[in-house]
Structure formats: structure tokens, C-alpha cells
Amino acid sequence: MSFVSGVISGAEGPSGGRRRAVPSTLTRVAKYTGYRAVALLLTVVVGVYLTILIANMGGYVDQIRIAQIREAAGGRVAADRQLQGLPISEIRNRIDQYVELEVKRLRLDRPFALRSLTYLTDALSLSLGRAENLTSDSGSRQVRQILLERLPATLLLFATSYLLLFFGTIFVALFLSRRYGSFLDRAVVALVPTSVAPSWFYGVFLILIFAAMLKVLPFGGMVTSPPPQSALEYGLSVLKHMILPVAAITIGSVFATIYSWRTFFLIYSAEDYVEMAKAKGLSSSTIERRYILRPTLPTIITTFSLGLIGIWTGSIILETVFNWPGLGRLLFQAVSAFDTPVVIGAEVIYAYLLAFTVFLLDIVYALVDPRVKVGEERKQ
Amino acid sequence: MKVFFQLPAIPSGLKARSTYLIAVLIFMLIFNLACVPKTSPEAQPGAKVTGLADKVIFVEEPDSAKAVRMIEAGDMDVYASGLTDAELVRRIKSSSVMGSETSYGLNFELTLNPVGPTFPGTGKLNPFYVPAIREALNWLVDRGHIAEEIFGGLAVPRYFALSSAFPDYARLAAIARAQEIKYAPSLAKARAVIDEEMKKLGAVMVAGKWNYKGAPVELIFLIRTEDKRRDVGDYVATLLEESGFVVNRQYKRAAEASPIWIGSDPAVGRWNLYTGGWVSTIINRDQAGNFNFYYTPRGRPEMLWQAYTPAPELDRIADTLDRRDYKTWEEREQLMADALQLSMKDSVRIWLVDTVNVWPRRAELALASDLAGGISGSWLWPYTLRFTDKKGGTVRFGSPSILTEPWNPVAGTNWIFDVMVSRGTLETATLPDPFTGLLWPNRVKSAEVYVQEGLPVTRTHDWLSLSFVPSIQVPPDAWIDWDPVAQRFRTVGEVHPEGLKARTKTVVRYVDDLYQRHWHDGTKMSVADLVVGLALGFDRANSKSAIFDEAEVPSFQTFIRYFRGARIVQEDPLVAEVYGDLTYPDAEWIADSAAGYFYSTVPWHTLAIGIIPEKNHELAFSSSKADRLKVEWMSYIAGPSLPILERSRVQALNEGFIPYPNVVGKYVNAEQAKERYTALGEWYQKRGHFWVSNGPFYVESIHPVEKTIVLQRSEEHLTVDARWLAFTKPGIAEVKVSGPAQVRIGANARFQVDVTLNGKPYAAKDIDFVKFLLFAARGELVQTGDAESVRDGQWRVTLTPEQTASLQAGANRLEVAVVSRLVSIPSFESVTFVTLPR
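For the record, the sequence lines run as chains H and W. For reference, each letter of the first sequence is one residue, going 1 to 380 in our numbering. For reference, each letter of the second sequence is one residue, going 381 to 1218 in our numbering.
These are computed hints drawn from the structure, not numbers from a lab. Mixed in with the good hints there might be a few duds.
As the list claims (entries may be wrong) - Among chain W residues calculated to face chain H with C-beta under 10 Å, some are:
1) V439
2) A453
3) I640
4) E682
5) H1083
6) P1084
Claimed, not checked - The calculated DSS-like cross-link candidates involving lysine-lysine, where the alpha carbons are at most 25 Å apart (straight line), are:
7) H/K215 x W/K770
8) W/K473 x H/K215
9) H/K104 x W/K1010
10) W/K995 x H/K104
11) H/K215 x W/K435
12) H/K104 x W/K924
Stated by the list, open to error - Pulled from the structure, derived: some chain H residues nowhere near chain W, Cβ distances all over 12 Å:
13) S24
14) R28
15) A37
16) T121
17) S182
18) A190
19) F264
20) L282
21) L354
22) V364
23) V368
This one's a predicted model, so the numbers in the text were calculated from it and none came from an experiment. Virtual Cβ for every residue (Gly too), placed ideally from N, Cα, C.
Work out the full structure: start from the sequences and follow the hints.
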């Protein structure tokens, strides 16, 4: 919330001043929107370029790669039984040939500074370019294809988990905030420490219990091998394979999230205007809807939006534990292989999503929260 | 494989039905057991077996611990990755439902920086400049401790540049054993040498630490962290610290360490020692070049290797062995023995252990695993994969990675896990023995190898003959070069009108039914399939060709350096002659190399549909060319390549395209070409890919995102040669030595050596040799000799009165080394006896 409120000026209480004339508001909104768009775009450019620099350790990765290429070329030549016994000059020549081919392929013969600009241009234009080492599951070198093949699996698993978790916890939190101090409330508070362990940790246990011991659910993967022919069976198989990872994600954070929301709602429930509403004898559902949910809506929307785009990056360890073919594992492979275009490709999309979401949120705030005003406004 | 039963009519009445059902069940059980293929080392030539696995489902599972649990739970049958985790291996070994295979291809060592005595870059002292200090590390480290404690028993000590699981070690077993005893761990000995040499360097011991010019002697130790080398590094670092050095432990992953140890000038002094590791995925039968590779500047061009200054004698021997510049096998053995000892004196690297990798599987599953490459390195798995308790069935094969890179038959993926799967779909001319590395004929009937006199080549198997001849003239009609413009081969007569000689000639006779076999798309093999590969190889490496690929040039240069011509002598049955200058110590390898020239695992028409987009720069066979042209790397099995390949197929069908018409066109006409493209089109419609070959399995379906490949046994491979089943279990000899507990000096002494395999006598014909080593009371080697064969499974060592007279009173040890012809791993056993005065 502080991130958002820092860039919004003129926030006032529910009974703020009179609005300006419509043309003036439009001008202000347009001006503000333009500034925000430019600022966010610049942020994306700087962020992506920093990612390029970090992913390449400021160019040091070139040295690592060249050393690895030489090592691999030497190994290849050493393993070639036909080359045994040749003069060393010929063997060196052969190694140099292999090294040169690979250096040219990866364009390491161009200075990193120049290549970094190519990475940046490819990224910002969303052409994303070609991967340097990785291929997509179906064998393509196009970064776009590599990401797109993994996206559905990630979206399916994490969006399902996220939506379940988000809406489920909000309703439970609201429920508990009305029953502060009840047994259920205390039980949830007591279970909050379980969220200290990451979801993959629960995943390992769930696999042990339900796959290894009880043998009722699969160990992992997205679908039965070989995948069923019919769409219905395929879908059912995917659902079955989702049970354990979704459960792991849920168990890993459900209690902390409920606790967090429940505390949040409790704070808002203690506001003077809520007390006033209670004094006026309004029904609890009206109070909840108008006086608690409405003012907390910007926070809920912000959390929801940012959480939703966070799905993009997947989860490295959880996907590995459940052998789930998602973006998290892909990113891990890309980082391990120093495949800059793939890393940048994933990051730039995230950056654009984030910038766009932030941009959109500014507008949404103005719509849902009457206290938010754009630009300077004189009180009448 | 499917077997259908015709059941008789069911008798009426419950009791009768029960009896009937029991009878049927018993019958089915007996039938099933009868159909289950048994391991049959003595299988008659040409004998066939049925009942191998019908279907194989490959799935990706990167987590080895989970894979083991899946095997235990019955969700997976075999995992294609060698495990080195002692806890997991204990779990496998103690399970009644799991079995395992073993491989030995990976080893670890300490790479030492030999620059010095001080680093020009830092001025700091480098003790490893001194060969004696390097040699002393052999006494300092306890390889047995590393193998047993750090690797939990999943490693065996290694002292030399020769793998303890490969044939050269077995051949030199007696000498190697003596050296191993000489370099047995001895802290006192190691420290005595280090103390003496450090003082010579001008270092002084101050408060338990060596100081040089007023500062402690620091060793920068690059310790790899991805595997057990982290623990090995810590262990060695502690030993060095206890010996008076300050050790700067730098923990690094491969990518971080690589620019330092191999990518930088060792004279800069950024490191003193490094935990190195090397891997071999095949059984290397000729490791003679290892001394040149590991100990001399000729090994590699990197600056580290250029810093090596081997003793002149080691340098000369290593060079001689590398060039195979010896006349006889005996001469080679002597050179190897000398190199073994001299390399220990040099010790620019301290060999530590050969690791033992364990490959888990279900107990009821059997398959051939390679002693070096394990299951993923095995060529014979498709010919041996079966359940021992039932016929047929589906095997679920887990693999750490699947579909890692695009598959194409020219320059596609070479990832071991992809290659392992694709091997199941190919039928090669020869197949490597997973236990010895020698080649066995598969689609070859016999071969005649002619070698120029004076070259040290031997033959083991009788499917080929070996003859030595004064000189070998290459016939003028043999193909030797390629004309990319005319798209035809040039002959030896054209290129070398003065005549051409070769060092070897191999006549390969292929099986009689070669052209009766079908490709997976139903088309029949023809001569056209066998010649297209050679033309394509020449064409891709020629800069004037429309499909030139510069990435092909280095390997082609190697090929052309030794290639002296090839020709088809007879088309049906196919007989081909191959001439070359490359020789190997084993004639089997020469024959194997020759057999591949006129043999193909891919039909010409599937290559043709790749040649078209390669020419049009729409796709590229190699990764390098694809990246250069910014097109897709060609994949015959999935992805964006498939529509392009399909378009090429349609174009080829419409045009009756025949690649290299001056070569292939002699064996195929336009009508036959259209039939082939039509069959391929039907295959693509049915299977969704273009991966067509002739192996035991075909690719039934591919699921890239789900990381699953399904292979189905081909109709033509429902029966396989029974001889392959013998390669399911390595025949590592079990040895027991017995004899008198007391021997009087100057008297005869006889010891019995029992050599068995699975409790049965080991056939004498399968034993290469049984040697004995006699160690006196103080551990010095006093005698070596050969044991004599008594009968199958029994050998005798006789110590003559002269030999016992050379012993002094006390406890002595007789060690026996048994080397089998069936497996490259030698077996050792010893017995202790006491000598009494005369």
C-alpha cells in the first residue's frame, strides 16, 4: 500500500472536497497518466538492463563461457579416438576450430557492451530473440516458443492455487474477524507457524504419504504417462496430478495468509466510522460490505494483482519436487546454463506485466476509492 | 508382444469351474515362464528368443531420490542415471523389490599446479613445483578412506591414469598392484619427504607452519562443490594443513572454477590444486594415450598443460604410446609398465578414486548395462530389456532429462539421455560388448581385416580374421573424394593417378537378408539407403556445396586424414571394402569403423526431406548452422520443424526428388521414390513425426511438454538373437585362494585358486590369465608369475624351492589377479602364510 500511496497525491478522508470541472480533471488525468507511463517505461528499461548486467555478471560470464567452451572442446578432442597420436599442432588446431565455431555461434566475438544492447532491444521489442543453449520442449530455439510452451502448465497450477488461496483466505479471514478470540480464531493463530516451511517441504511429505505409502496419487508430473488420448481423460488426469502440488502450496501459506487478512480486517473494523455505523444500527453485512471491504478494496486489489503476475515466474523448487513442467524450472535451467536471452525474456515479460499492473492499479484506485484524487487539487 | 489363447469350453458346475480355472492358471503360469527369455551365455549362434518388453515409456524425472521411491512403489521400472548417494544405494541394496546395475566411468583426482618454485605472478612459493612433494601426496592421501568413508563404499581407490575397470589395468594388474602397495598411505613417509623438500626450497617451519620469506606458505585449493569432491577437498585440505601448510579453501562450482584452473595462466598463481574429475562413457580398450594426455604439454593446448615438464623418459614413452609407435604387444606392455611407474614419480595429478555408480531398477527387470556408461551408455538395452517373471509388458523408464535438444539423424542432439532413447530405435551394423568394449557383429556376417606388417594389432573374436600384409594398394575405382558441382564421388584413379597405398583394408560382408528388412514406415532397405550417408557426409563439409556447414569441417578433416577409399564389391549380399590409415590395437575396432561406411540406420528418403529445407535455409541439421542462419535446428520428432519437413516431403513426392542422383539414383527410380515419400506421409499422419529407422523399437508417440516418449517394439524385432541376453550380467570372477598356512623356506608350496561365476566354475577358455604376486613380510614384491590351469574353475600357484628361498621367516602374502576375457574388470584375492626357517 505504501508503494501505491507514495505516488498518489491529495488523498483525503471519505468526506473530501468538491471535485473540479470535468475538462480540468481530464487534463490532469491525461497528464498524470502520461507521466506515469513514461516513468514506468523508464523503470522497465533500467530494470531489464540491470537484469542483463547481473545475469552476465557485468560481462564476466563471457570468460566463464569461453573457459567452458575450451574445456568442452578439449574433452571432445580427447575423446575422439581418431585424433590420438596426431601432432600436438594438429590437435590444437582442431580444438581452436571447435572453440571458434562455438564462440561465433554465441557471438562472443562481439564485445559484451554491444551484445547487451542487442539483448535489451530484443527484450523491449518483445521479439525476445533466440536462446543460446536451451531449446523448447518441442525443440525450438525461439525464446518466445520456449516460454509459451511452459506457460500453460505454470498458469494452470499456480493460478488455480492462487485463486483458491486468495479468495478462500479472504472469506475465512472475514469470518474470523467477526469471531475474534473464538476457538477457530485461536486455532488458526496457533497454526500460523506452519507457514514458516516452504510449500515444497510439504510437497515432499505429501508425496511420501499419498504416492509412496498409500499409492493413491501420482508422484509428480502433469499427466499420466503416456498422456491419455481423449481430452476428458487428459483433463481428469491433469486434475489428479494437481491435487498434491495445489495442496502443498495451500498448506504452505494458508494459515499465515488468513492471519494476515484477518488482522487487517480487524484493524479496519476498529475504525471510528465502523463504530459509528454500528452505533447507527446498520446490519453486520452492510458494515462489512460498505465500511470494511470498501476501504480495504485497494489493498485487496493490489495484493491480488501483484500476486497474480507473480505467478509468471513459477516456483523452482516446487516444480522440481513435483516434476511440473513450468516456468520456474525453465528459469533455473536458463540461469544455470547462462542462457541470457531466456532469462531476459522471462524477466522482461514480468517487468512489462508489473509496470502495466501498477499503471492499471492507479486508475483502479481512483475508481474504487473515493479518497484518491489525481494531481493537485485546491480545496474549495 | 501379444500371445492369444484359445480357451476350451467352460465345464458346468462350480467345482468344475474352480478346477478349470486353477488348471488354466497353472497352464498360463507354466506358459508364461516358458516364454520368459532366460540369460543364455551358451546360446547357439542364430538362436532366437521372444518375450522381451513390448513397450517402453520414457518419462523425465530429475530427482533421483524420488525415482528410487517410485521404483520401490512400482511406479517406475528403471532409472537411467547412476546414483552415488550411499544412503540411496543402501536403500536399493536392502530392498527385495529393487535391483541395480553398476558402472565405473567416472573418476576423481587432484590436479596440481606445477609452476614454480615461485609464481611469477605473486612471488609466492608453490611446493607442487617439486615432483617429490607431488609424489609424496600419494602417501599423504588415504584412497581407501576416501572410497569407504567419503563415498560410502561407492568408489574404488585409483592410483594411475588407467581406469581400474578397463582392460589396460587388467593387463597390467601385476605391476599396478605392486605400485599400489608401494604407494600405500603413510603419513610419516609423506611428511618426511615434504619436510626434506620444503627445506631445500628455503622454507622454514614456524609454530607448526611452513614459512617462506617471512610469510606462511599458502595453498589455494579450488574445491568443487557439486558432488563428493567437496568432502574430498576438505579431507585433503585438512591433511595439508596438518602437514604445515595454510590452505585457502575456495569452494566453487564448475562454471566458477573453470576460468581459473583451465582458463588462466597457472603462472599467475591463482590456484595450487584443484579437485578434478573425468568421465568415460565407453569402455576405453586402449588407454595408452592417457600418459601423453595427462602428463605432457602435448595433452591439451591450455596453459596448464604447457606448464608440464615431464622427465625426458616419461615424455618419450608417453609420446611413443600415444603415436602407437611400437611393433609388438609385448613392447607396448613394457612401455605401459614403465609409464605407470614414471607417472607416479611425476604426479602432476594425484588419482584418487574410480566411482561406482549404481543404476536402480525393479528386481524383476533385466537389461544390459555398460560397465563404463551404465544404462544410459548401453547399446544393448533394446536387445535385452525384459521382465524375468513374465513375457512382454511395458517398461517405465525414468530419465533425468528427455527431449533435451532436437533429434535429427545428421547432427541432432548428442545428450546422453536423448541418445539412449534413440538407440532403441536404431539397428547398427555392430554392437559394443558392454563388459569388454569389443564389438560384436549385428548386421554384419563377417569381416576380413588386412593390416600392414609391423603394426601392433590383435584380434579377439572369430567373426573377423586378421592378416598382416607387406603393403596394401587401394583399387583405382574406390571412392575417395566428392565433386560438389557434379554431385558425384571422385575415384582413387582420378585423384591419385600415381596410385595410393593404405595401412589397413577391411572387407565387410553384411548379412544375407539385409535387403529383406523393413524400415519402420514399411519400406524396404536398399543399396540407395546405404550410400546416401557417405555422399551427405562429403557434401556437408564441402564449401562449394549448397548444404555446406562449417561446423562439419573439423570432424571431416579428421575423417579425410585417414580415409583412403571405399567401394562396394558386391551388392547382394552386400560386400564392401574400406581402406584407411587409422589403426587400433583391436582389429574389432577397425572392422567396426569400416562396417559403418556402407550401412545406415536411416532411410534415404527421410534424409531427403531434411536436405531440401537445409538447402533452402529454412532449417539446419546442426545447432551451429541454425544459430548462424537464425533458423530452427531441425527436429524430426516435434516442434516447428515438422510442418516444414512435411512441406518438403510433399515437394519431394511431387517432384520425385532423389538426393545425389548420380550416386543414389543408380539404385532407385522416380516411382520407387514416390512410394517411399508416400509411405513416409502415411507414417507422419499416423505417428506425428518423421523419426524412421530400423531398430528394435519405433517411436509410437512423443509428448514434448509432458516429457514423455513411447517406444513400441517393431514387428521385425519380436524375436532377437539369444546371444545378446548373455550380456545382462557381467561375468566378474569370484576368486578364492587357499593353501598351506605355513611354508618352510626352500620347500615347494602349492596354492589352489578357485575361480567361479555365480558359484559355478569359471570356464578356463574364458580366462585370459591368472597371475600371482608374492609379497614378503615387509610388503615388498619379491616374485610374480603365472598360475597354471587345472580345470575349469580351478588354477594352481606353485612356489618353487628357489622362490620360497628368497623369503625370510615371517608372514607373507600371496595375491592373485584373475583377468577374464568376458569382462574388463580384474578380480583380486590374497592369502597370508608364514614362512618357517629351513
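Run the distance test for H/K104 versus W/K1010: straight-line Cα separation, threshold 25 Å.
Within the cut-off at roughly 13 Å; holds.
So is H/T121 really clear of chain W, every C-beta pair being over 12 Å apart?
At roughly 15 Å from the nearest Cβ of chain W, H/T121 sits farther out than 12 Å, so the non-interface label holds.
Could you let me know if the closest chain W CB is still more than 12 Å away from the CB of H/R28?
holds, 47 Å
Any CB of chain H closer than 10 Å to the CB of W/P1084?
holds, 4 Å
Interface restraint verdict for W/I640 against chain H (beta-carbon cut-off 10 Å):
holds, 8 Å
Given W/H1083 as an interface hint, is the shortest Cβ-Cβ distance to chain H below 10 Å?
At 5 Å from the nearest chain H Cβ, W/H1083 passes the 10 Å test, so the hint holds.
Against chain W, does H/V364 keep a CB gap of more than 12 Å to every residue?
holds, 35 Å
Take the C-alpha atoms of W/K995 and H/K104, compute the straight-line distance between them, and say whether it is at most 25 Å.
holds, 21 Å
For the pair we were handed, H/K104 and W/K924, check the Cα-Cα distance against 25 Å.
Within the cut-off at roughly 21 Å; holds.
Straight-line alpha-carbon gap H/K215 to W/K770, limit 25 Å:
holds, 23 Å
Closest C-beta approach of W/A453 to chain H relative to 10 Å, hint status
holds, 5 Å
Would you check whether the claim that H/A37 is not at the interface survives, using Cβ distances to chain W and the 12 Å cut-off?
holds, 33 Å
Violated hints: none; the structure is consistent with every hint.
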